[in-house]
Amino acid sequence: MPKYTRETLKNLLDGKLPFSEVKVMMSSFKDPERFEMMLEIHQSRVPWPEKILLPLGLHLYIVLKENGDRVVKCDCGYEFGDYRKNWKLNALVYVRDTEEKIAEIYPKLMGPDPRWMEIREYYCPGCSTQLEVESVPPGYPVIFDFKPDIDAFYEKWLGKPVPTVE
Amino acid sequence: MAMDLSQGKVYGIGWAGRTLREMLEESERLFRETGRYYGLEKLKLKEKDPIRYERIFSRIRGGLVNARETALNISASPIVKELGELCFALYTPEGDAVALSTGIIVHVHTISDAIKYMIRNNYEMNPRIRPGDVFGNNDAMIGDVHNADVHTLIPIFYKGELLGWAGGVTHEIDVGAQYPGSMSYGQANRFPGDGFIVPCEKIGENDELLKSYELRAQMSVRSPMYWLLDEKTRLAGCLMIRDAVIRLVEEEGVDVYKQFIREAIEEGRRSFLNRVKEMLIPGTYEAPSFIEVPFKDEPVNQLMQKDTMNHSPLELTVGADGEYILSFEGANKWGHHSFNCAPSPMQGALWVLLTQTLIPNDKVNDGAYLATKCILPYGSWCNPDYQNVSTTLSWLFLIPGFTGMIRSLSRAFYSRGYVEEVLAGYPVTCNLMQGGGINHFGIESAFTNFEISSQGTGASAVKDGEGFCAAMWNPEGDMGDIEAWEFIEPLLYLGRRVKPDTAGHGKYRGGPGMEALRMVWKTDHQYLYNAGDGYTVNGGGLFGGYPGSSGYRHNMRGTNMQELIKNKLPYPTGDGNPEESEMENLVKAEKVDFDQQALTFMREYGEWDLYLSMQRGGPGLGDPLERAFSAVEEDLNEGLLSPRLAGSVYGAVIVQGEDGKWKVDVKASEERRQEIRRKRKMRGVPVKEWMKKERKRILKQDIIEPVKDMYKSSMELSETWAKKFRTFWDLPEEFQFD
Ligand SMILES: [Zn+2]
Numbered sequence: 001m002p003k004y005t006r007e008t009l010k011n012l013l014d015g016k017l018p019f020s021e022v023k024v025m026m027s028s029f030k031d032p033e034r035f036e037m038m039l040e041i042h043q044s045r046v047p048w049p050e051k052i053l054l055p056l057g058l059h060l061y062i063v064l065k066e067n068g069d070r071v072v073k074c075d076c077g078y079e080f081g082d083y084r085k086n087w088k089l090n091a092l093v094y095v096r097d098t099e100e101k102i103a104e105i106y107p108k109l110m111g112p113d114p115r116w117m118e119i120r121e122y123y124c125p126g127c128s129t130q131l132e133v134e135s136v137p138p139g140y141p142v143i144f145d146f147k148p149d150i151d152a153f154y155e156k157w158l159g160k161p162v163p164t165v166e
Numbered sequence: 001m002a003m004d005l006s007q008g009k010v011y012g013i014g015w016a017g018r019t020l021r022e023m024l025e026e027s028e029r030l031f032r033e034t035g036r037y038y039g040l041e042k043l044k045l046k047e048k049d050p051i052r053y054e055r056i057f058s059r060i061r062g063g064l065v066n067a068r069e070t071a072l073n074i075s076a077s078p079i080v081k082e083l084g085e086l087c088f089a090l091y092t093p094e095g096d097a098v099a100l101s102t103g104i105i106v107h108v109h110t111i112s113d114a115i116k117y118m119i120r121n122n123y124e125m126n127p128r129i130r131p132g133d134v135f136g137n138n139d140a141m142i143g144d145v146h147n148a149d150v151h152t153l154i155p156i157f158y159k160g161e162l163l164g165w166a167g168g169v170t171h172e173i174d175v176g177a178q179y180p181g182s183m184s185y186g187q188a189n190r191f192p193g194d195g196f197i198v199p200c201e202k203i204g205e206n207d208e209l210l211k212s213y214e215l216r217a218q219m220s221v222r223s224p225m226y227w228l229l230d231e232k233t234r235l236a237g238c239l240m241i242r243d244a245v246i247r248l249v250e251e252e253g254v255d256v257y258k259q260f261i262r263e264a265i266e267e268g269r270r271s272f273l274n275r276v277k278e279m280l281i282p283g284t285y286e287a288p289s290f291i292e293v294p295f296k297d298e299p300v301n302q303l304m305q306k307d308t309m310n311h312s313p314l315e316l317t318v319g320a321d322g323e324y325i326l327s328f329e330g331a332n333k334w335g336h337h338s339f340n341c342a343p344s345p346m347q348g349a350l351w352v353l354l355t356q357t358l359i360p361n362d363k364v365n366d367g368a369y370l371a372t373k374c375i376l377p378y379g380s381w382c383n384p385d386y387q388n389v390s391t392t393l394s395w396l397f398l399i400p401g402f403t404g405m406i407r408s409l410s411r412a413f414y415s416r417g418y419v420e421e422v423l424a425g426y427p428v429t430c431n432l433m434q435g436g437g438i439n440h441f442g443i444e445s446a447f448t449n450f451e452i453s454s455q456g457t458g459a460s461a462v463k464d465g466e467g468f469c470a471a472m473w474n475p476e477g478d479m480g481d482i483e484a485w486e487f488i489e490p491l492l493y494l495g496r497r498v499k500p501d502t503a504g505h506g507k508y509r510g511g512p513g514m515e516a517l518r519m520v521w522k523t524d525h526q527y528l529y530n531a532g533d534g535y536t537v538n539g540g541g542l543f544g545g546y547p548g549s550s551g552y553r554h555n556m557r558g559t560n561m562q563e564l565i566k567n568k569l570p571y572p573t574g575d576g577n578p579e580e581s582e583m584e585n586l587v588k589a590e591k592v593d594f595d596q597q598a599l600t601f602m603r604e605y606g607e608w609d610l611y612l613s614m615q616r617g618g619p620g621l622g623d624p625l626e627r628a629f630s631a632v633e634e635d636l637n638e639g640l641l642s643p644r645l646a647g648s649v650y651g652a653v654i655v656q657g658e659d660g661k662w663k664v665d666v667k668a669s670e671e672r673r674q675e676i677r678r679k680r681k682m683r684g685v686p687v688k689e690w691m692k693k694e695r696k697r698i699l700k701q702d703i704i705e706p707v708k709d710m711y712k713s714s715m716e717l718s719e720t721w722a723k724k725f726r727t728f729w730d731l732p733e734e735f736q737f738d
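These protein sequence lines map, in sequence, to chains A and B. In this text, residue positions in the first sequence follow UniProt numbering: the first is 1, and each later residue adds one. In this text, residue positions in the second sequence follow UniProt numbering: the first is 1, and each later residue adds one.
Only chain B is shown next, with the shape it has when bound in the complex (with noise of 0.2 Å):
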């Protein structure tokens, strides 16, 4: 921005000499009396010039994926490298997305998000907005989803006018907050919990990062060298992005380019809208979840020390015009926890769930958040109304807060006739295994395992759901070299296998989880997390099926593997079914934590110690009765399912061979089958009797604290939720959980 001292005029980076502040109020303006992006009644360039439009479109799409595929090599994290948590996008000067890479796309709408907050506050006054300017952010109160991840901004100028910017995420090893990790947590607030945080500041100059910032960083983490070594990852995907867009630029013409990424945003939103008509159907979906904090015993900040329930009261309304609406009316109160959300993340998670379902192609825009709209509750977990909440693991309340937005569709899918897409949904993407202490180079660090990104799926309506291969936040999942991990954590992998049971049963069951067992190797100051659901299961289950298992926790401290080890006597690999765990079967030790509370704060563990991490199975879909009897055999013979629930969930009557294979006797499970369906009878009751039961229940609050807590804190936040609550239960006006 410049004055014009002899006009008193203000001049501005934006296009024609307007400010950015000018050309937000006026896209916003625009928006806000006509419905469309940037008021465009026709899309001119793509009406005239198909075929230009559509080449320009693939240039700049590719230059992005480009930019990620060639950037991420800088990086030595495996997150990175192999995993491929990073994306690129690029922006228009207000900071909508108008393309991005391939990885992790749920950073598109909360870099957006970042670039609108350094335009309100007048960034272009104050630090100034110029050529080579790079800024840095990774608070989620102005637009992230926790500090983990790390966004790079730069702008993109073309004679002196701001054309756009570039935009690129990676995810951090650990983030320097009061616990080791990224995602750590037992803070009660942001402030000084958190750790780094960089709330879109000015971070280098001509093209590189400032010296003051990168020493900076380096004080501030326990992972220095990767978390720089990721800025220059960043910078360097983003450079590449601005290159290519003044080449192309140079190539089109300047108004050509700029009436392009108006028109592709535009097209974005009114795509949304068609493909909603297309493939769903009107109406209210509701699909709620919930996941426990068992924080009572835990050594966590006092504040935090209690048992509370998150309520994440989803319902999607579909609208005759293709309106998509997605509420959280009812959600309870944020907590002294860090798995608050800001809205930012919020709408990440919509997003990156809708290019997985609804828009799964690679022209996906802002245009399509335009075309949505979320319902957050001001003081709610999803909302919070106190600045200083703590967010470093945002994603435990968001994951499963989410999956019903996958039932959801997948009714409409059904009902649509497009049984190809369904899916019952998808699991938390558990055990977060992170820590730190003294590792086995001797050094101070920090670590947070990415095997999360491979969980099962939830089963579809025409087959089976896939085994450890996916995570909601990333499509394209990928568990990482044990190599890899065992460079940068002190822990050997004794095995990392599948994991019985851990699918939710159904007529197509869902995806397998798998499991890890951990040895600490070569240091005695370790400090291990387990995170996940234990005392609930997520990711509900569809037409019938089950949901996935939960997790649980099985740790050894003080044990004997050292010896066993030495004498050359059998180790466990895993623990398999924990009614016959091979763990306990195995090994001595002197401490065990054997139990459901799978949420825990960090222990200390020493070498030789055991730590068993297991990830999630996704959810079943239809009457297990209905599943074929090949397909429980089979399951049986690969180790997905244990011989005592073929019987009681899928009424199979089972003889294992002499070579160890199990064999379906088809006529008896045929008649087991029609037994259990008699016994459904004699145990169903009529839900509107059951109701009348469960109400007294309700009178009477015969229900544990943290769930009445989570009633009371919905029905307090929300008259809307309250009311539906007692009109549901027939319950009286003034009735309240004490």
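Looking at chain A on its own, in the form it has when it is part of the complex (with noise of 0.2 Å):
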């Protein structure tokens, strides 16, 4: 089994390691202390002290709150709310359902008709960033992208109990 040190992962998360090292990484055998060592890397990044569970995206974090809850929250601070229901409904939604508007994105012709599908943009309330892009028809349900069973992945693949409050 291969390992890397944290610079190694640190660099590699940044998207700052050679393609040839990632090439070799992606063709050899996974590290299974990779999970245990980048939360360690994005915990020791974000501006707020609460453990993060899960990272969810490139801002996005489950993490645990003093009274137990496990909730959604952005590096930027925003908490969007128990992971089990989806973060979208607590975040600004921009629909770019015109021609104008979509031609912002794409040159023209080359971008979705708005009548057939429209691209929505979910951006966090805090930090104004684009956290995730839908293109669906009119009238779709918002998605519910990933909705993770956290005490599973603990107890059961990690063989450790998921953190708790002391």
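One or more of the hints may lead you astray.
Said to hold, decoys possible - To give a feel for the contact side, a few chain B residues facing chain A, derived at Cβ under 10 Å:
no., residue
1, Gly417
2, Val537
3, Asn538
Stated by the list, open to error - Below, in silico cross-link-like pairs of lysine-lysine (BS3-like), each with a Cα-Cα straight-line distance of 27 Å or less:
no., chain 1, residue 1, chain 2, residue 2
4, B, Lys306, A, Lys108
5, A, Lys108, B, Lys712
6, B, Lys277, A, Lys85
7, A, Lys65, B, Lys688
8, A, Lys16, B, Lys724
9, B, Lys696, A, Lys101
10, B, Lys661, A, Lys16
11, A, Lys23, B, Lys463
12, B, Lys663, A, Lys108
13, B, Lys463, B, Lys522
14, B, Lys202, B, Lys81
15, B, Lys363, A, Lys3
16, A, Lys156, B, Lys42
17, A, Lys88, B, Lys700
18, B, Lys708, A, Lys108
19, B, Lys42, B, Lys277
20, A, Lys85, B, Lys724
21, B, Lys696, A, Lys156
22, A, Lys85, B, Lys696
23, B, Lys679, A, Lys108
24, A, Lys88, B, Lys724
25, A, Lys10, B, Lys463
26, B, Lys696, A, Lys88
27, A, Lys30, B, Lys363
28, B, Lys588, A, Lys108
Hints listed in this document are in silico derivations from the structure and should not be mistaken for laboratory results. Where is the CB? At the ideal position from N, CA and C, for every residue including glycine.
Combine both chains into one complex, guided by the hints.
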């Protein structure tokens, strides 16, 4: 099993590892301690104290609150609520549903026709980062991208209890 | 199968005198009862002598790869020869894949379905399965993606006993359908529209194709030379595999071989479950996709003459014990078009994607199939309840239909820390250029251009996607040489180059697509299709990245190209950004199609007419405002990104130097990005507020027909999905679209 230094993983996460090294990494067996090591890197970078249970994307994390709640939190500090509910419902949305709005993203004729499909941009109310983009026909329910089973993951797969409040 | 009359007992060709049907039934019973392949608890051979076990595996794998590499030289078709659209696999007597070659491995399980079909239908009794027999199949309802993919299967006997099967598949240039090409459409039904279908038949004896079959194939397709050489390609490969297996059995002993193939599949199943636990996160992932079928005004069969939309509501559940369940609950109904899929191609697509993501190693077999589950609603486009559905171009729905699986896996990889494995998805593999008519040699012919195997890839979480190099269905993408295509297609290449603005934007952009501008040459009778997404974009986008662009159509008929060439005037070598279309600027034509109608029926073209074929870019990953300015600059100077979008998408303030190179003004751009963030806060609406407004729109049914029709169909077919839709929008229980 390969082992990587914290420095290597930091560079990987930041897109700074040369592709020749990334390629070797992709072709090798996976390092089982990766989850913990990456979690520590994420934890050291966020400006808030709550423990990260699971990274959800470039800016989002599921964290453990003092009262034991598990909530989705942006690295800017904005909280989206319980992870078992779709965080998008507490985000800001901007829907590109006209030709002019779509033309800001795609050249003429190369974007969707808004009658068939719209582009929904979900922003963080805290830092205005674009967290997800949906391309769906008008009227489609908001997509719940990922609802993890945190308990099964920690207990059955990692073989350790989910962190709780002391 | 033989009958001993004195005993009244039936002796099969299977192991220990059993029939294949008995063997299959036993295998299925043992799996049902134990959850393990053939009920194996211990992998005795592997545990006792792991080196021998691995050696046997390598020899089988080597035999398969060797068969593929050697056999493809027999083919004359660039699809097979240059692009490698073929693969071979080895099966147990019951039809379970033990090992496979490289190539279009989408077919490993479709061939398995075909073998099981023969067993269930008692081929052992009639038409009999004997040494030297050759079987052919290209029936999607039995086991295949579509009839363009043709299987050859041979039994492998050793001392009178069936040891297993060798199978091979290639993609054909033409299938003798109602319209020319290997994936043509316009017909409403399989019969009589889909062309030459060989539904698992005996096509050869004594290691040779039957003359009657060869003659029949010759009469049934438009490019018989390619068809027959491909038959020989597959048969040669299968015979090489048979020889390799027999040699192996003679050296290792038949009992060891038998033990090995059982263990190899059970090992495949176990390692898949382990791999799931090693790489993913248990939970539920939603990633639906959509593609349009805008046929209202197309001169297709009346039954399909309407606008419709495909709904692929992919949901992946990863269970606490490593279960991998892919559900399409909510998929809408099949239609009278050629984009329907039987369950077999759905399994094939799942398989080909798993081998490129979760299990990218040479030790892949039907064990992985046994460890996964697909839920395909009966009556939907992915499990039609009508035997006569047309399926010549199943890929049109299959490809977008599965892109969400890559995004879902990527969410898991990211959470797990394996960020190097993340991919934002993949685009549709279009434009699919195919057609036929009188070619440049004056012969009636047909073709399918396989530049489609070179699309841009999705962005990764650590780097940009790669350009014009991959197709979701073939891990070894190759666009083929221009000269090879010009030999079989009566169209010259005026150019083949990067297409700007195709890559999905993001912190990391998708890989760009390309375009080829073709001119009809030495014929006045070519019928050409356009196929791809135009009114929709596909392939998603991840963590704030956008999907790659849609395609569009730009074809010119009755042009002045001959005059331009004669007078040595500038002519286009592509179209570039359609807002400053090179074709429009340089060429005059009587009839111009320049719009988003990217999925069409055939049109007739004459010499000097122009046809644009553009391939898509991959989806992006992350907020574009986080993209490095140096990368934006590079994209501008490489011609991947138009200056206008560098500003509106990436917030880059740019200046062009005297040398024509673009430079990003970093300080001004930082400010512009701040400004865009402020704008987002202004224009963004709390989702719950937006939902209230949107709910009213749904109640008013203020949505175009094909989209309403899609919702209605999904709701009628699936009570679960209907409930989900109504609950989300808080609609009355009886709500339905008109
Ligand atoms: Zn934020």
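Violated hints - listed by number, lowest first: 5, 8, 13, 21
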